[in-house]
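Peer 1: Can you make the complete structure from the sequences, with help from the hints?
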Amino acid sequence: MIKEDDTSFNFGMFLVKVKRVIRVGFVNFWRNGWISLATILVMTIALFVVGSLILGKAVVASTLAQLEDKVDITVYFKTGADEEEIFTFQDKLEKLNEVKNVAYVSSEEALSAFRKRHVDNALITQSLEELGENPLGANLNIKAKDTSQYESIAHFLEASAIFSIDKINYRQNKMVIDRLGNILNASRNVGLGITLLLSAIAIIVAFNTIRLAIYTSKDEITVMRLVGASSRYIRGPFIVEGIMHGIVASVFTMFIFYPLTLWLGPLAEKFFGGVNLFNYYLSSFFQLFAVLLVFGSGLGAISSFIAARRYLKV
Amino acid sequence: MVYFEKVTKIYSPTSTALEDVNFSIEPQEFISLVGQSGSGKTTLLKLLLAEEKPTSGKVFFESQDVHSLSKSELPHLRRRIGCVFQEFRLLPSKTAYENIAFAMEAAGKTDEDINENVSQVLEVVGLSDKSWHFPHELSGGEKQRVAIARAIVNQPDLIIADEPTGNLDPLNTREVIEILKKINEIGTTVLMATHNKDVVNSLGKRVVTIEKGKIIRDDKGGRYVI
Numbered sequence: 001m002i003k004e005d006d007t008s009f010n011f012g013m014f015l016v017k018v019k020r021v022i023r024v025g026f027v028n029f030w031r032n033g034w035i036s037l038a039t040i041l042v043m044t045i046a047l048f049v050v051g052s053l054i055l056g057k058a059v060v061a062s063t064l065a066q067l068e069d070k071v072d073i074t075v076y077f078k079t080g081a082d083e084e085e086i087f088t089f090q091d092k093l094e095k096l097n098e099v100k101n102v103a104y105v106s107s108e109e110a111l112s113a114f115r116k117r118h119v120d121n122a123l124i125t126q127s128l129e130e131l132g133e134n135p136l137g138a139n140l141n142i143k144a145k146d147t148s149q150y151e152s153i154a155h156f157l158e159a160s161a162i163f164s165i166d167k168i169n170y171r172q173n174k175m176v177i178d179r180l181g182n183i184l185n186a187s188r189n190v191g192l193g194i195t196l197l198l199s200a201i202a203i204i205v206a207f208n209t210i211r212l213a214i215y216t217s218k219d220e221i222t223v224m225r226l227v228g229a230s231s232r233y234i235r236g237p238f239i240v241e242g243i244m245h246g247i248v249a250s251v252f253t254m255f256i257f258y259p260l261t262l263w264l265g266p267l268a269e270k271f272f273g274g275v276n277l278f279n280y281y282l283s284s285f286f287q288l289f290a291v292l293l294v295f296g297s298g299l300g301a302i303s304s305f306i307a308a309r310r311y312l313k314v
Numbered sequence: 315m316v317y318f319e320k321v322t323k324i325y326s327p328t329s330t331a332l333e334d335v336n337f338s339i340e341p342q343e344f345i346s347l348v349g350q351s352g353s354g355k356t357t358l359l360k361l362l363l364a365e366e367k368p369t370s371g372k373v374f375f376e377s378q379d380v381h382s383l384s385k386s387e388l389p390h391l392r393r394r395i396g397c398v399f400q401e402f403r404l405l406p407s408k409t410a411y412e413n414i415a416f417a418m419e420a421a422g423k424t425d426e427d428i429n430e431n432v433s434q435v436l437e438v439v440g441l442s443d444k445s446w447h448f449p450h451e452l453s454g455g456e457k458q459r460v461a462i463a464r465a466i467v468n469q470p471d472l473i474i475a476d477e478p479t480g481n482l483d484p485l486n487t488r489e490v491i492e493i494l495k496k497i498n499e500i501g502t503t504v505l506m507a508t509h510n511k512d513v514v515n516s517l518g519k520r521v522v523t524i525e526k527g528k529i530i531r532d533d534k535g536g537r538y539v540i
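So the sequence lines, in the order shown, correspond to chains A and B. Each residue of the first sequence is one higher than the one before, counting from 1 in the working numbering. Each residue of the second sequence is one higher than the one before, counting from 315 in the working numbering.
I should point out that these hints are in silico values taken from the structure, not numbers from a laboratory. These numbers come from a predicted model, not from an experiment. Note that CB positions come from ideal geometry on N, CA and C, so glycine has one too. Warning: the hint list may mix true and false statements.
Derived DEER-like restraints, expressed as beta-carbon distance ranges [stated by the list, open to error]: (1) B:Gly454 x A:Ser199: 33 to 39 Å; (2) B:Ser382 x A:Val294: 29 to 35 Å; (3) B:Glu451 x A:Leu282: 48 to 54 Å; (4) B:Thr424 x A:Arg31: 21 to 27 Å; (5) B:Pro327 x A:Lys218: 53 to 59 Å; (6) B:Lys495 x A:Gly33: 51 to 57 Å; (7) A:Arg188 x B:Ser326: 38 to 44 Å.
To be clear about the criterion: a stretch of chain B counts as covered by chain A if any three or more of its residues have a C-beta under 8 Å from a C-beta of chain A, and this derived list gives those stretches [claimed, not checked]: (8) 381 to 390; (9) 511 to 524.
BS3-like mimics (lysine-lysine), calculated; alpha carbons at most 30 Å apart, straight line [unchecked claim]: (10) B:Lys496 x A:Lys218; (11) B:Lys528 x B:Lys511; (12) A:Lys19 x B:Lys367; (13) B:Lys320 x B:Lys408; (14) B:Lys511 x A:Lys17; (15) A:Lys95 x A:Lys143; (16) A:Lys143 x A:Lys270; (17) B:Lys385 x A:Lys17; (18) B:Lys526 x B:Lys444; (19) A:Lys174 x A:Lys145; (20) B:Lys385 x B:Lys408; (21) A:Lys270 x A:Lys145; (22) B:Lys367 x A:Lys313; (23) B:Lys320 x A:Lys313; (24) B:Lys367 x A:Lys218; (25) B:Lys408 x A:Lys218; (26) B:Lys526 x B:Lys408; (27) A:Lys92 x A:Lys143; (28) B:Lys444 x A:Lys218; (29) B:Lys385 x A:Lys313; (30) A:Lys19 x B:Lys444; (31) B:Lys360 x B:Lys385; (32) A:Lys218 x A:Lys313; (33) A:Lys17 x B:Lys360; (34) A:Lys19 x A:Lys218; (35) B:Lys360 x A:Lys313; (36) B:Lys528 x A:Lys313; (37) B:Lys519 x B:Lys496; (38) B:Lys519 x A:Lys313; (39) A:Lys167 x A:Lys116; (40) A:Lys17 x A:Lys78.
Peer 2: Okay, here's the thing in structure tokens:
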């Protein structure tokens with residue numbers, strides 16, 4: 001039954017077939033004008049959702065990082081405490097796993113910061129003048145790697161009996177730190193949930209659009225089978241078309257993001273703090289484009305593959 | 315060349331399309347398959363193309379059991395059988411030329427081969443001047459001629475035609491039958507299901523009559539009798 005020329009793998013003919021599949025994919029993409037356009041638009045919406053999630057994540061991440069950075073523990077030393085002793089203590093702290101960094105603020109620096117903060121307050125400035133000496137001690141400002149680790153750092157501080165420690169501000173701030181930590185964690189979890197949900201919706205919508213587009217060709221697929229085309233040869237052009245839908249849609253999406261981030265960037269920066277969206281768009285243009293391109297063409301190819309398979313049973 | 319061996323096809327308990335059909339086709343025959351609508355003609359053709367599977371029995375093309383072929387082997391069988399349908403079934407987004415070329419491309423022919431053969435068959439069916447027209451720009455008769463060109467371009471051993479003249483006027487009917495006769499004369503076997511009494515009688519070739527899923531008459535040089 002199988003003819004001679006089919007028994008051995010012919011690389012030259014394989015290339016010819018690949019070329020034909022790609023050409024037919026291009027031609028169909030062009031001739032199916034309206035269907036292609038509709039598919040591209042839906043795909044653009046799907047990619048827009050994905051792109052927005054990526055941009056949104058960047059803003060939220062930088063805002064959360066900024067918030068997290070505001071959380072710290074400060075250890076205040078008595079005035080006139082031995083600097084050497086403080087430095088040894090700082091070394092010890094820096095060796096802790098939980099600690100990100102420890103900043104030393106000398107009593108002079110503390111005073112000038114204090115003066116700067118209250119430069120408009122005549123009463124305080126005057127009181128300092130009258131006092132004549134520096135009433136502030138040195139302090140160590142400790143940042144943890146994670147907000148949940150402040151508790152154990154505080155335990156360590158309280159346990160190390162250094163007599164020159166005046167006070168540790170953890171207990172007063174504990175509630176705020178804990179609450180902030182919870183908010184940060186919750187935001188991250190909610191963000192992940194929303195990302196997964198919206199991506200799933202985007203994928204399903206794009207997949208169904210491609211399925212409908214291929215549904216219109218189901219009779220053609222049957223005829224091609226009856227005329228003697230192999231499943232792979234029939235499916236190839238659909239996959240090429242799917243990839244093209246993805247590529248064009250990702251270009252469209254990048255175009256849409258330019259004016260959008262330009263407009264939203266300053267607004268979001270004012271509202272959330274953190275990065276300017278537009279700068280982020282420009283600086284990560286190629287990564288963002290690459291992600292959308294891979295996601296779009298992959299989604300197009302896989303959707304076409306699955307959708308065409310249904311009608312290839314003949 | 316083709317053997318139906320005790321073939322039964324039951325679509326559902328209330329619809330039996332073919333019942334215990336035994337039937338064979340010799341090379342270079344021109345067979346008219348006649349019978350009323352719903353008698354099982356189309357089912358018989360679909361079984362031969364492996365578009366449907368028999369409920370029981372076997373269909374052989376040469377020594378090959380058609381329904382034992384895997385999905386990837388089927389195209390090789392189908393490239394040896396050309397099909398023509400009542401409703402033409404051209405690919406709407408391809409031109410006449412591309413429709414015909416598709417059958418050759420799918421069979422893995424070279425571009426030179428395709429150019430040469432497609433132009434040739436277009437000439438045979440008299441449509442050289444319309445090769446770049448899309449199906450919706452062609453008349454019914456022209457579409458059917460493109461379909462015939464597509465069916466013969468791979469030089470198949472067998473042509474299956476399912477009511478090829480069902481949608482055509484008398485003039486186009488005669489032309490299509492003439493083409494099929496010509497193809498048969500150069501050695502291709504033709505199996506044609508039809509309703510058209512005049513066509514069958516004018517051919518004067520073998521006539522197989524089906525009624526309610528059974529072959530009730532098989533005459534060499536027969537006439538249309540129901």
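Peer 1: Determine for every hint whether it applies to the structure shown.
Peer 2: Going through the hints against the structure:
1. B:Gly454 x A:Ser199: 33 to 39 Å: Given range 33 to 39 Å: violated, Cβ gap about 50 Å.
2. B:Ser382 x A:Val294: 29 to 35 Å: 42 Å, violated
3. B:Glu451 x A:Leu282: 48 to 54 Å: Since Glu451 (chain B) and Leu282 (chain A) have Cβ atoms about 50 Å apart, the given range 48 to 54 Å holds.
4. B:Thr424 x A:Arg31: 21 to 27 Å: 25 Å, holds
5. B:Pro327 x A:Lys218: 53 to 59 Å: Since the Cβ atoms of Pro327 (chain B) and Lys218 (chain A) sit about 28 Å apart, the hinted range of 53 to 59 Å is violated.
6. B:Lys495 x A:Gly33: 51 to 57 Å: 42 Å, violated
7. A:Arg188 x B:Ser326: 38 to 44 Å: 57 Å, violated
8. 381 to 390: holds (count 7)
9. 511 to 524: Not satisfied, violated; 0 residues make the cut.
10. B:Lys496 x A:Lys218: 33 Å, violated
11. B:Lys528 x B:Lys511: Holds, at roughly 20 Å.
12. A:Lys19 x B:Lys367: 34 Å, violated
13. B:Lys320 x B:Lys408: Violated: Lys320 (chain B) and Lys408 (chain B) sit about 40 Å apart, past 30 Å.
14. B:Lys511 x A:Lys17: The given pair, whose Cα atoms are some 44 Å apart, is violated under the 30 Å limit.
15. A:Lys95 x A:Lys143: At roughly 13 Å apart (the allowed maximum being 30 Å), Lys143 (chain A) and Lys95 (chain A) satisfy the hint.
16. A:Lys143 x A:Lys270: Holds, at roughly 26 Å.
17. B:Lys385 x A:Lys17: 19 Å, holds
18. B:Lys526 x B:Lys444: Violated, at roughly 42 Å.
19. A:Lys174 x A:Lys145: Satisfied, since the Cα-Cα distance of roughly 16 Å is no more than 30 Å.
20. B:Lys385 x B:Lys408: 25 Å, holds
21. A:Lys270 x A:Lys145: Given pair Lys270 (chain A), Lys145 (chain A) holds - Cα atoms ~27 Å apart, limit 30 Å.
22. B:Lys367 x A:Lys313: OK: Lys367 (chain B) and Lys313 (chain A) at ~12 Å, within 30 Å.
23. B:Lys320 x A:Lys313: Roughly 25 Å separates the two Cα atoms, so the pair holds.
24. B:Lys367 x A:Lys218: 20 Å, holds
25. B:Lys408 x A:Lys218: 15 Å, holds
26. B:Lys526 x B:Lys408: Answer violated: Lys526 (chain B) to Lys408 (chain B) is near 38 Å, above 30 Å.
27. A:Lys92 x A:Lys143: The given pair, whose Cα atoms are some 14 Å apart, holds under the 30 Å limit.
28. B:Lys444 x A:Lys218: Between Lys444 (chain B) and Lys218 (chain A) the Cα gap is close to 26 Å, so the pair holds against 30 Å.
29. B:Lys385 x A:Lys313: 8 Å, holds
30. A:Lys19 x B:Lys444: It holds: about 26 Å lies between the C-alpha atoms, which stays within 30 Å.
31. B:Lys360 x B:Lys385: 15 Å, holds
32. A:Lys218 x A:Lys313: 11 Å, holds
33. A:Lys17 x B:Lys360: This hinted pair holds, its Cα atoms lying about 28 Å apart.
34. A:Lys19 x A:Lys218: 23 Å, holds
35. B:Lys360 x A:Lys313: Roughly 14 Å between the alpha carbons, so the hint for Lys360 (chain B) and Lys313 (chain A) holds.
36. B:Lys528 x A:Lys313: Holds, at roughly 28 Å.
37. B:Lys519 x B:Lys496: With a Cα-Cα distance of about 14 Å, the restraint between Lys519 (chain B) and Lys496 (chain B) holds, given a limit of 30 Å.
38. B:Lys519 x A:Lys313: 36 Å, violated
39. A:Lys167 x A:Lys116: Answer holds: Lys167 (chain A) to Lys116 (chain A) is near 23 Å, not above 30 Å.
40. A:Lys17 x A:Lys78: 83 Å, violated
When the structure is compared with the earlier hints, violations turn up for hints 1, 2, 5, 6, 7, 9, 10, 12, 13, 14, 18, 26, 38 and 40 and for no others.
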